[in-house]
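J.: This is what each chain is made of:
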Amino acid sequence: MTVEATVTAPPRKHRLLSLRGRDRILSVVSPIGLLLVWEGAARVGFIDTRFFPAPSAILSLLIEMLKSGELLTHTAVSLRRLFWGSVIGGVPALVIGIVMGLNRTIRALLDPIIAATYPIPKSSILPLALLIFGLGESSKIFMVAIGVFFPVAINATTGVLEINKIYLDVGRNYKADRWSMFWTIALPGALPVIMTGFKLGIGIGLILIAIAEMIGAKSGLGYLIWSAWETFAVEQMYVGLFMIALIGFVLTVALNELERFIIPWKVN
Amino acid sequence: MPTAAVNLRPVASASASARPAIRIRDLVKSFGSLVAVDHVSLDIAPGEFFMIVGPSGCGKTTLLRILAGLETATSGAIEIDVPAGSNRPDNSMVFQGDSIFPWMTVWQNAAYGLRMRKVAHKTIKDVVGHYLDRTGLTRFADYYPHQLSGGMRQRVAIARAFANDPQILLMDEPFSALDAQNKLLLQEELLHIWEEHKKTVVFITHSVDEAVLLGDRVMVMTAQPGRIKQFVPVGLARPRNIMELQGAPEYGELVQRIWANLRDEVQRARELEDKIGVKK
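Listed in order, the protein sequences are those of chains L and C.
Numbering follows our numbering, in which position 169 of the first sequence is assigned residue number 181; successive positions increment by one, without gaps.
Numbering follows our numbering, in which position 214 of the second sequence is assigned residue number 218; successive positions increment by one, without gaps.
Be careful, since some hints might not be right.
Claimed, not checked - From chain L, some residues computed to sit far from chain C (all C-beta separations above 12 Å): (1) I44; (2) L121; (3) V182; (4) A188.
Unchecked claim - When the alpha-carbon atoms are kept at most 30 Å apart in a straight line, the in silico DSSO-like pairs for lysine-lysine are as follows: (5) K122/C <-> K278/L; (6) K202/C <-> K187/L; (7) K279/C <-> K187/L; (8) K203/C <-> K177/L; (9) K233/C <-> K187/L; (10) K126/C <-> K187/L; (11) K187/L <-> K187/C; (12) K202/C <-> K230/L.
Honestly, the hints are just simulated from the structure, not real lab data.
Don't be surprised by glycine CBs; every beta carbon is placed ideally from N, CA and C.
Chain L with its partners taken away, still in its complex shape (with noise of 0.2 Å):
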């Protein structure tokens, strides 16, 4: 019996490609793929047109409705409403929390209400935002802002309560006062954690404005959504579906950046 030892390590491989590249390629290749098989197929007559337009369809209508300037003036409405929401809704969210964060009091009154308040699916709160606001601005404005408080605040409270307690013993050691213990401690410490809480609030407010919109709107892209399911207009529906996509993208895009430039100390 012999016994066949190698003594060179076997050939490496070869890539020509770093697995990142490779990953980087595939994530490109997957959608235009499912692009290109839902195109053939709707030109083949596999799929029904009727549910699903091809989408080269769905582009020419994109474009058209850039031209006549319909698409940008619904998707400038959603905007406007989704940013007076996250106002209204997110900076008195912030203050609150922080206090809930920094006051114990305060944080036994209000904790109770807030717990209570949150599980009610904020979908659900429409008709009674319809009857007191009617079906102006006001009201899709405050299912934004109602959507956006809750992680805030919540997140805000959360934040400042998770600040390591030495910072804390650190500010009294150093002779921090009230106001600097809260603009050099709890409000940068909390940072990371609201931030975060404004990220999922938007995420919320914009699905809240797209359902607010169907109901009592006469424009934004919620609006342009519903009126497409009213008239049959399957394509114009996909193009709504398109742009609160696409704003759902730029919005993360955006705010990712805006973490980076505002809490530089982040660890990635």
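Please arrange chain C on chain L, whose structure you already have, making use of the hints.
T.: Frame of chain L, contents of chain C only:
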């Protein structure tokens, strides 16, 4: 500014040097039925590098936190000597573990105490610049803590405390989280910076070596409740060279003497822990 916990006595006359920098009388601190610090009385001289060693849970950190104004004593008195008309803070503390703010740069961290005291901008620039230089951090002034090693972060904490120019410096096992080489380097650097002004230092450690290498006098504390067991004067000449010192016969004798005392207490602390089953 006087704090609630610490009674600051202004000194009017020229007899200041005769007066201890810190006077502690019958200090007791209990948490419920647990007595952490039990009737501790001692004087620390101006410019003295005072070391406290004791088993874990002996109340040495509590004692330091009371001096820092972060904890109030149950009974007894502490006086920190503050010259009349001085606007310097009575103490600054270097904490155990990471205590520099992750959201501030090295410079902002080092300047924190001075900024809180609303010291003039020009002065802050000079003082912080000086101590960043002394701690070898000038090049890293704009770095954030997460970009630094553990040893460098603790240098920032030391720069922050020195820059604040306190009457006394409090150090709570500042090097315990560092590896042996870094620890040695930082001990040397600390002695270097300290030689400049010879501030009064109260330094807690669980390392007998460190106590002898750095201190003028070592106080050994008993296991819980924390009482004074023994004072050991270190009489080694300054300025000290840590490497040379470690080979000197006096050094070995001192370490042995202190360890002989501390050993029983560490043993007792372990038995206590086993009995209570609580890890402190």
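J.: Taking the hints in turn, state whether each one holds.
T.: Now for the hints, and whether the structure bears them out:
1. I44: Answer for I44/L: holds, closest chain C Cβ roughly 38 Å.
2. L121: The claim stands: L121/L keeps its Cβ more than 12 Å from every Cβ of chain C (closest is about 27 Å).
3. V182: violated, 5 Å
4. A188: violated, 5 Å
5. K122/C <-> K278/L: The given pair, whose Cα atoms are some 28 Å apart, holds under the 30 Å limit.
6. K202/C <-> K187/L: holds, 23 Å
7. K279/C <-> K187/L: Roughly 40 Å between the alpha carbons, so the hint for K279/C and K187/L is violated.
8. K203/C <-> K177/L: The hint holds at about 28 Å.
9. K233/C <-> K187/L: At roughly 33 Å apart (the allowed maximum being 30 Å), K187/L and K233/C break the hint.
10. K126/C <-> K187/L: holds, 20 Å
11. K187/L <-> K187/C: holds, 29 Å
12. K202/C <-> K230/L: violated, 77 Å
Checked against the numbered hints above, the structure breaks hints 3, 4, 7, 9 and 12 and satisfies the rest.
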